[in-house]
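Taken in sequence, the protein lines are chains A and B.
Under my numbering, the first residue of the first sequence is numbered 1, with each subsequent residue one higher.
Under my numbering, the first residue of the second sequence is numbered 1, with each subsequent residue one higher.
For the record, the hints were derived by calculation from the structure and aren't laboratory data.
Note that the Cβ used here is the ideal one computed from N, Cα and C, for glycine as well.
Don't take every hint at face value.
[Claimed, not checked] For the chain A half of the interface with chain B, some residues (derived, Cβ under 7 Å), not all of them: (1) N3; (2) H31; (3) N67; (4) K68.
[Said to hold, decoys possible] Beta-carbon label-pair distances, calculated as ranges: (5) S198(B) / T93(A): 20 to 26 Å; (6) H66(A) / G218(B): 45 to 51 Å; (7) A27(B) / G89(A): 28 to 34 Å; (8) R132(B) / L200(A): 51 to 57 Å; (9) A27(B) / T148(A): 24 to 30 Å; (10) A144(A) / N228(B): 50 to 56 Å; (11) Q185(B) / T148(A): 40 to 46 Å.
[As the list claims (entries may be wrong)] Simulated coverage check for chain B against chain A, where a stretch passes if three residues somewhere in it have a Cβ under 8 Å from a Cβ of chain A: (12) 177-184; (13) 195-201; (14) 223-235.
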Amino acid sequence: MKNILLLVHDDDGQEARLSAALAVRAALDGHLVCLDVIVTSDGFYRMGGGPIGMLVLEERQNEGRHNKAAVQARLLADNIPFSWNDAIGELDTMLIDAAGLADLVVLNSYLSDDIADPDMAAKIRTILRHVSTPILAVPRHLKAFEATGKAVVLWDGSADAEAALRAAVPLLARAREVTILYADDRSLGASLNDATSYLLHQDIIAHAVRHEITGNDAALSIEHYLQRHEPDYVVMGAFGHARVHAVFFGSVTRHLLTASSTPLLLARRA
Amino acid sequence: MKNILLLVHDDIGQESRLQAALDLARAVDGHLTCLDVLYIPPAVGGAGMYDNSYMIGTLVEREAERETENKRKLGARLAAEDVPWNWIDASGDIPSYLKEAAELADVIVVNRQIGGFWFPDAPNDAADLIVRSGKPILAVPAECQRLDLDSGFVAWDGSPCAASALRAAVPLLQQTGEVTIFEVQDGSVTTPAEDAASYLSRHNVHAQIRRIGAMDGGAGGTLLAEANSGLFGYAVMGGYGHWRVVEAMFGGVTRSMLSKSAIPVFLAH
């Protein structure tokens, strides 16, 4: 996990993204690939841009220039190895193009309900449909990302969960504590052992903790667990499962993205 | 790439699979999971069972004997090697064993024959399952007895498939002496090979880029010529865009590499 793709865009979540990307980069001795996106409104090119569209775009480019100068100055001052790409277009398309050659994409989990801000859960879903690069989604007001802190792996035995586990290995290897949280379901027995022994082969010792789902809502129940235990980040599969617990973690992703204050490392099967 | 799944079955491809898997495990400091496949022909228990049950019973018995002997021999050899390993016996419902073992493997070592046979006697659905698992595959020719890490090449066409193969192969490329990225210029490359090279450089892999024109056989023929030139130990490439039907799955380039390459091919999609 050396190539860390950071979305540069002047919004409420930029500070959190930047600090998370820097923390991961420092922990893994990686390289920061900054993607500075001037976002055009949906359907801009399809509608041919138009004079008003061009004016809006120019305005955005001017704003973007200040932001670019500020971010670059910080990276230079801290002596961070980085490269910079400018792009104009729709957010998800630009990110999908750039993510192919990245090991991790740093985004926000949620920006705001404001119509001007993109719905990050929807964007993340779209990106993960196209590329299998894992995404680190951080809350917009995250103070600091503890890259070597406590990690929780949400385990439902799905191919996605397992892809997330594999993708997270470089980070988990540096984690202070790794917990595998699994739900109460007998069909998971074997695959849970597989997960722990998989990690063990990479010299990562993980504790398996059974999580009783109280009430009907798995998402809420997991959110409460995270509130109680305050891990520094959560590793989980992005989409659901073909079997029974399908319903289970699929909706959890969306809920945690909008409601949780914990950074999420999301991946899907290749 | 620590968890390496090796399909064990006493056939002509076994020695090459084993040697390549051992070389790979040593290179990436990995763990070998041996899945011993006891293949029972589908005719057993099917229609006409009573007509030839005697013959089939003998076949099964013979296969079981052969695999027990094989297991004993391989077990003794593995014990003498410096690679950690474990052993799973699969008989009966092979697909479900395979599916479970493939789930947490980082790479699966198979033979390179196509047409449904990942190891020469394998049932068709096994090949299908391996491909569906979405895991990277190291496909070894039966006549190749080792995974040579002095030099390797990456076939680059700028596609998302090539990018994900590149990402998956990083641990292997890191242990390789010289890495060359081949960009076959057939007018279809969108992401330049330089991007791939700079991606690798951050993983401390410093690759050379070579651009080559497509020969008569197209990109496939050109890559195949390089693969069989004796200069490279293995090839990395993105494979199979569609996986609905195993046979129909391989694109032309992947197909020609898989059917004729003299060196192991690392495939991911």
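How the hints compare with the structure:
Evaluation of the N3(A) hint against chain B yields a held restraint, the C-beta minimum of about 5 Å falling below 7 Å. With a cut of 7 Å, the hint placing H31(A) at the interface with chain B holds, because the nearest CB-to-CB distance is about 4 Å. Given the 7 Å rule on beta carbons, the hint for N67(A) is violated: about 24 Å separates it from the nearest Cβ of chain B. For K68(A), the suggested interface contact is broken, since its CB lies about 21 Å from the closest CB of chain B, more than 7 Å.
Against the hinted window of 20 to 26 Å, the Cβ-Cβ separation of S198(B) and T93(A) comes to about 22 Å, which satisfies the hint. A beta carbon spacing of about 49 Å between H66(A) and G218(B) agrees with the range 45 to 51 Å that was offered as a hint. A27(B) and G89(A) have their C-beta atoms about 41 Å apart, which leaves the hinted 28 to 34 Å range violated. The beta-carbon spacing between R132(B) and L200(A), approximately 27 Å, falls outside the hinted interval of 51 to 57 Å.
Remark: the range hint 24 to 30 Å for A27(B) to T148(A) is upheld by a beta-carbon distance near 28 Å. Judged by the Cβ atoms, the range 50 to 56 Å given for A144(A) and N228(B) holds: they are separated by roughly 53 Å. At roughly 45 Å, the beta-carbon separation of Q185(B) and T148(A) lies within the given 40 to 46 Å, and the hint holds. Coverage of a stretch by a chain is defined here by at least three residues with a beta carbon nearer than 8 Å to that chain's beta carbons; for the stretch 177-184 of chain B and chain A the count is 0, and the condition is violated.
Under a criterion of three residues with beta carbons nearer than 8 Å to beta carbons of chain A, the stated coverage of the stretch 195-201 of chain B is upheld, 4 such residues being counted. Only residues whose C-beta sits within less than 8 Å of a C-beta in chain A count toward coverage, and the stretch 223-235 of chain B has 0 of them, not enough to reach three; the restraint is violated.
Of the numbered hints listed earlier, those contradicted by the structure are 3, 4, 7, 8, 12 and 14.
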